[in-house]
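Once you've looked at the hints, dock chain V against the given chain E.
There are 2 protein chains.
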Amino acid sequence: MASERHAALAARLGHRFSAPALLEQALTHRSRGAPNNERLEFLGDGVLGCVVADELYARFPQLPEGKLTRMRAGLVREEALAEIGERLGVRELLVVGAATPVTPSILADAVEAVFGAVFLDAGYAAARAAALAAIAPLLERLDERDPVKDAKTRLQELLQGRGEPLPEYRLLSRNGPPHEVECLLAVRALRTTGSGTSRQRAEQQAAQAMLANLEK
Amino acid sequence: MASERHAALAARLGHRFSAPALLEQALTHRSRGAPNNERLEFLGDGVLGCVVADELYARFPQLPEGKLTRMRAGLVREEALAEIGERLGVRELLVVGAATPVTPSILADAVEAVFGAVFLDAGYAAARAAALAAIAPLLERLDERDPVKDAKTRLQELLQGRGEPLPEYRLLSRNGPPHEVECLLAVRALRTTGSGTSRQRAEQQAAQAMLANLEK
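Those sequence lines, one after another, are chains E and V. Going by our numbering, the first sequence wraps up at 216, each residue one higher than the last. Going by our numbering, the second sequence wraps up at 1216, each residue one higher than the last.
Isolated chain E (complex conformation) (with noise of 0.2 angstroms):
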């Protein structure tokens, strides 16, 4: 039964509908006519933003702006949300128009949609709970690589958690490439170097031995 099913949807979101036709809305693509979750669609997509912004502006105490905005975009871009409408099984739940194929685009508006259908119900708060269950995995996996945990940003976060000047680098040969870069940090009389195919690599290189040099 059709009801079973978005109670099932509900309990992956981590929310129960005080208006499950809510939740049926934020399911009928336009093909199918109106009501459909256009609106929603247009609601969900304002509340991601707002909580994808605030969770990495939390979660990422040392990134600079550009590289948030980066993230964000990365997080609430078609193929991310597709990927999150998979795993809550909004596929299988999308009503759509006899001719129309689900496409990740199709896809990834319904998962807006849904989010948007939660706030409506029940608020941010309820909202941002749902949306960042859904998104973890994707959170997880910035976690792990560039740009947030790369050399650089390593070796300065722990440099700033112990009060220390931060190093520098400096490009030791301009005939590259391959680059050569060293790193320096006056304080404690330590030099590393690196070298890469770019500057940007030969700098991780030099911070990567100087983080090395740094836990020893």
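Think of the hints as simulated: they come from the structure by calculation, not from any bench. In this text the structure is predicted, and so the values were computed from the model without any measurement. Hints should not be assumed to be uniformly reliable.
In silico EDC-like pairs for lysine to aspartate or glutamate, Cα to Cα no more than 20 angstroms straight-line [said to hold, decoys possible]:
1. Lys67/E <-> Glu157/E
2. Lys1152/V <-> Glu1164/V
3. Lys152/E <-> Glu65/E
4. Lys67/E <-> Glu1038/V
5. Lys152/E <-> Glu168/E
6. Lys1067/V <-> Glu38/E
The following block gives chain V in isolation, referenced to the frame of chain E:
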């Protein structure tokens, strides 16, 4: 004294800060070094997008997603935010580097950062209240003009509100401009006409005439 002027701004926002340092940070441009308002601007951008979506969704229950999206874009664009900043007195409190002129862009960013600061200080409901109070004049302007309150929309809303069939528009002449259009309400045996340099303008005029008929 700066903190008195900050308190005056907080009063205009309708928010009393638990952590006044957040407001000071929101008013500090990156040209003054760190800490500055860049990360708060990122957060505030997300908060404002959600608040505006929330408000437009509730305020214009008849409007399709496409129009809501355009209205939101208009409300959060740089010129609109800079206007809010001028009215709130953000310009006078902005802290920028000695050689840095306060551009509309810097002002708009600071306004977003201020909403981000309220959000961090007291949560979504507080940020929503502050942002809605600040954008109220812009919202009122929306109420008064296209695309919200054009004649065709008002006519449609009036008929929907009465549970009556919607009007039909028919082009009377194809050799325009000027275009001539009729608006038909078959169940009431009413017909009005309009003309204009575009079909859309002609339809608006016919709808306006029909509205006048119905409101008689």
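What's the verdict on Lys67/E and Glu157/E, does the C-alpha distance respect the 20 angstroms limit or exceed it?
holds, 15 angstroms
Could you grab the alpha-carbon distance between Lys1152/V and Glu1164/V and see if it respects the 20 angstroms cut-off?
holds, 15 angstroms
Between the alpha carbons of Lys152/E and Glu168/E, is the straight-line distance 20 angstroms or under?
Roughly 11 angstroms between the alpha carbons, so the hint for Lys152/E and Glu168/E holds.
Starting from Lys152/E, check that the Cα of Glu65/E is at most 20 angstroms away, please.
Given that 20 angstroms is the threshold and the Cα spacing comes to 17 angstroms, the pair holds.
Lys1067/V and Glu38/E: Cα distance at most 20 angstroms?
holds, 11 angstroms
Between Lys67/E and Glu1038/V, does the CA-CA distance stay at or below 20 angstroms?
holds, 11 angstroms
In summary, the structure agrees with every hint in the numbered list given earlier.
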